[in-house]
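Please construct the entire structure, taking both the sequences and the accompanying hints into account.
If you want the building blocks of each chain, they are given just below.
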Amino acid sequence: MDVWHVRCSKCGYEKKLNLGSTDIDQTYSDLNEDFAYYKLFICKKENVFVTENVHDGHFDNTCAADGSELISVEEIPPKKCPKCKADITPKKLDINELLSE
Amino acid sequence: MGKSLAHKIIQSHLIEGKMEAGEEIGIRVDRALMQDATGTMACLQFEALGIPKVKVEHAVIYVDHNILQVGFENPDDHKFLETFANKYGIYFSKPGNGICHQVNLERFSTPGKILLGSDSHTPTAGGAGMLAIGVGGLDVAVAMGGGPFYTKMPKIVGVKLTGKLRQWVTAKDVILEMLRRLTVKGGLNKIFEYYGDGIKGLSVPERGTICNMGAELGATTSIFPSDDLTLDYFRRQGREQDWKPMGPDPDAQYDETMEINLSELEPMMACPGAPDNIKKVRDVQGIDVQQVLIGSCTNSNYRELMTVAYLLKDRKIHPNITMAVNPGSKQVLEMVSKEGAMYNIVAAGARLLESGCNGCIGMGSAPGTNWVSVRSFNRNWPGRSGTKDDKVYLTSPEVCVACAITGKITDPRDLGEYPEIPWPDRFIIDDSAILPPAKDPSKVQIIRGPNIKPLPLRNPMEQMLQGEVLMKVDDNISTDAIMPAGAKILPLRSNIPAISEYVFYWLDPDFAKRAKEKNGGFIVGGENYGQGSSREHAALAPMYLGVKGVLAKSFARIHRANLINFGILPFEFVNSTDYDTVKQGTMIKIDSVLDALSNGRKTIGAAVNGSKIDLKLDLTERQRKILVAGGLLNYTKNTFAS
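Those sequence lines, one after another, are chains A and B.
Those letters in the first sequence? Residues 18 to 118, by my numbering.
Those letters in the second sequence? Residues 33 to 674, by my numbering.
Calculated from the structure, these hints are not laboratory results.
Values in this document were obtained by computation on a predicted structure and should not be read as measured data.
Mixed in with the good hints there might be a few duds.
20 Å max Cα-Cα, derived EDC-like pairs, lysine to aspartate or glutamate [to be verified]:
1) B:K648 to A:D83
2) B:K420 to A:D111
3) A:K100 to B:D506
4) B:K420 to A:E92
5) B:K520 to B:D506
6) A:K109 to B:E291
7) B:K217 to A:D77
8) B:K217 to A:D73
9) B:K520 to A:D111
Computed beta-carbon distance windows for the label pairs [to be verified]:
10) B:M290 to A:D111: 56 to 62 Å
11) B:K217 to A:D111: 56 to 62 Å
12) B:D283 to A:D83: 26 to 32 Å
13) B:G439 to A:S89: 31 to 37 Å
The beta carbon of each residue, even a glycine, is placed where N, CA and C say it ideally should be.
What follows is the structure in structure tokens.
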């Protein structure tokens, strides 16, 4: 799993996004529900990034916050701020480096 | 109205609730299964109940997952599990004895019993007429403590099998066909019960393969009747006494039905990405393959390995291929070795791995960059193999061998005549690697490595909850964000004080320190709080840090259940705009909590910065009792331990 830190210098929008699959050595319970896969979307209504576990049996391509349609973001890391469309350069957080601090 | 087999078994174990699809039911559990990856926590949870001996009629811990001993953690876990099993009346299957589901099918499966296992592929035992359900370790611990298993009554789907599998088409293709039709979400809250003339051509291990991957459908479980073929298998295992005939009534009614004509199936594969990405082998043949793995709890029985050996006789695997085989159990390995078949496998150039989960859980055998890996396994979620961006195909052992010989994805029908391998008259029966519990538990000392700490429990619920908002997060916060995984954290899973240091770590590395300094408090979340992985540590570790409640706009359902199980109140804002009125550091005071829980109140008021906000208490009667007790373990201890 990768964690990206998004910060838009123009409008101030900021978010940390966890994307991809949970780490393989994460077998906390070894149930199927352990194997999450987080994909990036933009909520059409609020214009914010949304990460959703697409393996969730109840995920139906809609935003949990407002029920609106989610637009899939295929390019990772994303290049545009969902709010103001300005160029952004997300920073990848190295989890292991962070943990060793 | 005739009843299905699943209906009959549930009915005979029903303790609470109505058997109507979607209604919560409580069922008595006969048996328990644990494996080492999840077993340590399940055992610590059972230990916290303070009960001297398990209350199920039979329980087994198998060491099959973490069998690579590259540090002290895994062997420490194994020794803990061995001594724990010895003391508390549990059988212990040593490392090397085999994969839990294969060994369970061989030695312990029993028609009509309910088995709860802390592993998602526990339903494999449905191949022998057992109602076997994969759950989290906490549910197994509670069952071992005498508590019922609570679940929503699933819909029972009758799957009528007609016809007969053609040569080179296997039980794996039956379940791949199910996945093709229904997808990985198609089995949610369902039990698949197989019946019809087609089942007469499927042996118990083949039925086990089909039930095994019912887990990939998301099903509660899958089951076959216990018939003459079941008796035949039990006889070969020297366990005729454990058999009894069980099946649906001739006029059984199912909530839903579907039909598969076995005669029409072809060899199939789940292509990379997900187990429901199904294609006919013919339609993807010709793709270069770099790795072939045969084994796992899905496909590693005696006849499968004998078939592999037969097909490899006097052949060499393709020079570009690396191939490995892991037999499902010591019994399988002994049988195949004794009959000389293992020679063919090794002589062909395959690598032999020990009996265990191995590459199926990413424990070795990770494919190289851009490799195509063809496996007789059950999951191909991206990264599951241990390699990011992997390309894993799931298929039958027969297709695996065909690929290993040609170096490309190959339809096994191109190999010529299918070898009809018979089952042995008698399997080798040697249970010496299954250690029985001690006759005198008082003399057993549990050996605990430095990384295994007793489980902390919450005190019973207080009448007043008060504290600061320790953290405010936005929508869709995942359990991976709450309790991260990774190489540094996972080894701490049996050490809650240590692992709790990493709660919310990549969102705010100071969270744990702050929570301890403030003597606990509250978390505020947006919509869908706790989505993602089902890990219970995402509730257990915050509980240890003193988190009393989570106030959110909405919760992901599994995490919400986990919060309740560990005594953390999941409050939903009545008015979601109240989310905006609280921030990190805000003091929250909620009075009369016990009264509200006990009286069944649907809402409760919280004092926030001198004003009042309303919070929903949308809880079942049982959930209220669990929260009052301070969590499921306390509740079980109070209710069932005596």
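Verification of the hints:
About 19 Å separates the Cα atoms of K648 of chain B and D83 of chain A, which keeps this hinted pair within 20 Å; it holds. Under the criterion of a C-alpha separation no larger than 20 Å, the hint pairing K420 of chain B with D111 of chain A is consistent with the structure, at around 16 Å. Among the hinted pairs, K100 of chain A with D506 of chain B is consistent with the structure: their alpha-carbon atoms are about 16 Å apart, no more than 20 Å. Taking the CA atoms of K420 of chain B and E92 of chain A, the gap is about 17 Å. The hint holds against a cut of 20 Å.
A threshold of 20 Å between alpha carbons decides the hint, and for K520 of chain B with D506 of chain B the separation of about 26 Å lies outside it, so the pair is violated. Restraint check for K109 of chain A and E291 of chain B: not satisfied, since their Cα atoms lie roughly 49 Å apart, outside the 20 Å limit. About 11 Å separates the Cα atoms of K217 of chain B and D77 of chain A, which keeps this hinted pair within 20 Å; it holds. The straight-line distance between the Cα atoms of K217 of chain B and D73 of chain A is roughly 8 Å, inside the 20 Å bound, and the hint therefore holds.
For the suggested pair K520 of chain B and D111 of chain A, the alpha carbons sit about 13 Å apart, so the restraint of at most 20 Å is met. A hinted range of 56 to 62 Å for the beta carbons of M290 of chain B and D111 of chain A is inconsistent with their spacing of about 48 Å. Here the CB-CB span from K217 of chain B to D111 of chain A is close to 33 Å, at odds with the stated 56 to 62 Å. A hinted range of 26 to 32 Å is violated for the C-beta pair D283 of chain B and D83 of chain A, which are about 48 Å apart.
The hinted range of 31 to 37 Å is satisfied by G439 of chain B and S89 of chain A, whose Cβ atoms lie roughly 36 Å apart.
In summary, the structure is inconsistent with hints 5, 6, 10, 11 and 12 from the numbered list given earlier, while agreeing with the others.
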